[in-house]
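Undergrad: Protein chains in written order, with our numbering: chain R, 95 to 473; chain U, 108 to 189.
Hints are computed from structural coordinates only; laboratory data are not their basis.
Don't take each hint at face value.
[Claimed, not checked] Derived DSBU-like pairs (lysine-lysine); straight-line CA-CA distance at most 35 Å:
| no. | chain 1 | residue 1 | chain 2 | residue 2 |
| --- | --- | --- | --- | --- |
| 1 | R | 218 | R | 254 |
| 2 | R | 135 | U | 131 |
| 3 | U | 168 | R | 164 |
| 4 | R | 145 | U | 168 |
| 5 | R | 126 | U | 168 |
| 6 | R | 218 | R | 280 |
| 7 | U | 147 | R | 143 |
Owing to the predicted nature of the structure, the values given are computational and were not obtained by experimental measurement.
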Amino acid sequence: MENKIWVDVEAKAKEKVFLRCYQRKIEIFEAKEEKGILSLKILEKDYAKIKRLWFVKVKKSRATGLLYWKEKIFTYRVLVVSIFFGFFLLFFISHIMIQVEVIHSNKEIRDLVSSSLKEKGLKKNTWKMSYEELKQIKEEILEEYPDRLEWLEIEIHGMKYVVRVEERKIETQKEEKTACHVVATKDGLVKEMIFQKGQAVVSRNDAVTKGTILISGIITKDGEEKGVVCAEGKVYGEVWYQISASVPMNYEVTERTNKKRWNLRFKNLYYDQLIFRSRLENYEEEKKKVLDIWGNELYFVVQYETKKEQKKYTEEEASNLAFEKAIEKLASTLDENEKILEKKVLKKEINHSTMNIEVFVSTLESIGEVQEFEKNEKE
Amino acid sequence: MHLYKTIQNFLFDQDYFVDLWQKKIHVYGFQDIITLEEQKIVLSFPNFQLFFLGTDFRVLKLSKNEILIEGNLESLQVQDGK
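Okay, chain R solo, but in the shape it has when bound (with noise of 0.2 Å):
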């Protein structure tokens, strides 16, 4: 479509710019008259023609349509701008977080609670999170200190998280025993002893079974009974296991292509969803959010190609795995001071394309446990 415009004119004959109009094949698309002065809608391009008409005084022109629209623009184009950049730099501002803070007594807690926020995303200098992702974030941090927490509140103001925490206060009052033995809790061989209270039973290198006394409670001295405490201390004992494990010889690998497709993922509260088809069958993807407008998120999607490949490991490669297996579920038992002494595979099979594997360890643990008694009871 041609751009049109308004020219006013000044000509003693009207009649005499229309017949040179129509003979200079100038389209007159509207003529108006008001005050001697003549009003003409023409296409663009036959502007020239008409100033060039001797006995037409052309007064002036303004565009119409879009071509109007694009002169006011480009004549208020310093205001147009600085509206733009002022609602720019007003989204900004209001979507943009200066500084997180973390409001409690406790140096400890305000530091669990900063570095849990930073591990989610919440840290200073990044776009204002919304209301469903700061209760989530709150819900994540209770749930994973769940001992430590009580409250957990985020609060935005201004440019600024305000988090509010409570403290779980965990009542620790022990109850006071009067008298007690430790016991051992498994079959095992006494290595270690430290004891607090109480007398030592059994020695360095016993064989001890399940229920043992290892530091009673009753004192004694030349055979007699001198008083009754509550026997405390750690015992470490050599223990035995056969553990077995199972891991099947086939598994499944998925593995990137090289072909990757560009995309775009719009998502907000009710709404997940890629805006382009998307032309891979399988696929992983890496998004980076670009946008969020009131919870409105737009996200741009690389989706990387994947595929997926049946792989069958060697005996040894699955025998390793299925020790490994077996040792780490045993592992994960320990606490820092108990350790694995020795570790061996008894037995190796394959059987229905799985591995199966039989390994003895032997562990260095706390065996013992405190075990209160009757004062009458004696044993």
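Guided by the hints, dock chain U onto chain R, whose structure is given.
TA: Just chain U now, kept in the frame of chain R:
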């Protein structure tokens, strides 16, 4: 009006036509403008010339073969030959 005329022209395939309204004259398919004055407009067609006589004639639209005139028409004459 333009759309209606375009459809009409397409359907009836007319070389020219003249519409007379209360204070407006619409002419389509003329060949040339011979005279264009406040009291007289003469348009030429392939085999004849059309004389519009009246007062206060004023052009509202004008293109290659179409013209819209406003004014008081008093008489209309057709003259054979160019």
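Undergrad: For a quick check of understanding: which of the numbered hints are violated here, in increasing order?
TA: Those not satisfied come down to hint 6.
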